[in-house]
Amino acid sequence: MKLADFQALFQRRILAGPGEEDGPLLDELRESQRGATRADLFHVYQWGYHARLESFFYEDHPGLRALLGDEAFETLIGEYVAANPPQCRNARWYTTGLPDYMRDHAPWRDDARALSMALLERAMVDAFDAPDAEPLALEALAGFAPEDSPRLVFAFHPSLFLLELPAGVLAHYQASAEEEDDAQEWEAVDDEGAVSEATEAVAVWRCKEETSYRELEPAEYVALCEAKAGRAFGEICQMAAFQQSGEIEPERLAQFLASWFQDGMVIGASLQG
Amino acid sequence: MQKPAPLGYGLGLRPIYYNEILSNRPPVDWFEIISENYMVAGGRPLSMLDAIRADYPMVMHGVAMSLASTDPLDFDYLAQLKALIERVQPAWVSDHVAWTGVHGYSLHDLLPIPYTKESLDHVVERISRVQDYLKRQLVVENASTYVSFISSEMSEQDFIREMAERADCLLLLDINNVFVSCFNHGYDPLAFIDGVPIERVVQFHMAGHTDYETHRVDTHDQPVCDEVWALYEHARRRFGDVSAMIERDDNFPPFSELLDELQRMRDIDAAIAAEKALSAA
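Just so you know, the sequences run in chain order W and D. For what it's worth, numbering that gives the first Met the number 0 labels the leading residue of the first sequence as 0, then goes sequentially. For what it's worth, numbering that gives the first Met the number 0 labels the leading residue of the second sequence as 0, then goes sequentially.
Next up, chain W with everything else stripped away, as it sits in the complex (with noise of 0.2 Å):
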């Protein structure tokens, strides 16, 4: 049998497990001196298989476990890992994909809090080892007269990701993260009906090797959207959605500023064009 049969075989065998296709990879097999059957032997393989893919989960989704449960999580990476063989060289990258499967397969898709979970849990991750940026100091804003303040645009850490979930998973992620139950927490946002309603705002970042994360108030969380996307600071107040609120001035939006800064999430700042 020619190299690049076997390695197709062999690899066919660890995928998809044993099947009437193996026979010329078994007869290629000697007998074990020891009185393993070769089915034991191949065992090996395609336990270590299963088992090192699936440690990824375990190790990066534990928020996504404790609301999903053992036996569904067990169940989501089973068939995650059945339907997608890693493609990348580095296991680093082979759980993330995971939210975007959950997103276009029942019944993952029709559970709104377990999918923002899981992406949730892919921010930190991908914050983790995001590149590196050293973060501007608040008091780099002396350097611009203040008549110029309505044309700044910040620029911001690479790790930082803004996500919008259903109200309930940041305390649920951080229960979990605490090795804390907090099923009754869940009961009782569900009995009062908010969760398919109500909404709450993130930010995950990195600051001086360490993930981050923090809620943000509805407006802010509006803000620093726009203020990531490159909208200058006047263009943020100007916007209708403070404007109508009636409750976010300028100076509102000054401190949020000066919290982005004080969090290491700005790395620079300069004038609109």
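In case anyone wonders, no lab produced these hints; they're calculated from the structure. Note that the structure is a prediction, hence the values are computed from the model and not measured. Every residue, glycine too, gets a C-beta built ideally from N, C-alpha and C. Treat the hints loosely; a few may be bogus.
Unchecked claim - Restraint ranges, calculated between C-beta atoms of paired labels, are given here:
{"no.": "1", "chain 1": "W", "residue 1": "Gly22", "chain 2": "D", "residue 2": "Asp75", "range": "32 to 40 Å"}
{"no.": "2", "chain 1": "D", "residue 1": "Arg236", "chain 2": "W", "residue 2": "Gln86", "range": "43 to 51 Å"}
{"no.": "3", "chain 1": "W", "residue 1": "Asn83", "chain 2": "D", "residue 2": "Ala53", "range": "35 to 43 Å"}
{"no.": "4", "chain 1": "D", "residue 1": "Ile15", "chain 2": "W", "residue 2": "Glu138", "range": "34 to 42 Å"}
Given the coordinates of chain W, work out where chain D should sit on it, guided by the hints.
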């Protein structure tokens, strides 16, 4: 062939030990990194790598080069590896006599090959191309295997010896892998070690494995067992001053237990040196 100078006694660098290493600067001569764990854009992994590299020599050990695969070489992967080599400036760079997938897949495991002339030609040609691209000699390791093949035309040690000579590469002898593979296939591990060319071996791996009675599995989650320590002593007598290290990848013990295993290596080597000195006197 340019054989790098021995580094002494090393450990695999794992994230769980970052703080211990940076806080206490433990008496470890060098560290080995898993290359793919640092092929990322930024963050704590690279920061820790740079900080520890500032104080310790390092070598790079990969698990994804897939030297025996019949898929084309992945030059995107090799470009990332080359960039990491530039950053780390390792004493050497290693990977395995194994394949990780075909048809575009990477199964994240080190899979076996039949030891045939076809396999040998294929692996030699791929090592040579990688060495040309990286502009350095590659260090290639024997992998643990759980199946062996009727179609093999030579022993694993003969395959490795001819591979190293034809590709002009260096060798990493994983002594635990020798034990595991020989146990699983009913071969003599001493004959394996004695068949490996002395002049090409630059590094030993030592690790623990799991005993399933009918077969052993290379799990790196146990202390090194006595049978593997005995093989280590045999290898040390044959190969002399070669850099040696402990690999641990799961069921992590306190760092001091790994230091104890390094001390056991030192004690064995000191006893061999004393014995040689006495017989020479």
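Results for each hint:
1. Hint check: W:Gly22 to D:Asp75, Cβ distance near 36 Å, so the stated range 32 to 40 Å holds.
2. The hint said 43 to 51 Å for the Cβ distance between D:Arg236 and W:Gln86, and at roughly 45 Å that hint holds.
3. With their beta carbons about 39 Å apart, W:Asn83 and D:Ala53 fall inside the hinted range of 35 to 43 Å.
4. At roughly 38 Å, the beta-carbon separation of D:Ile15 and W:Glu138 lies within the given 34 to 42 Å, and the hint holds.
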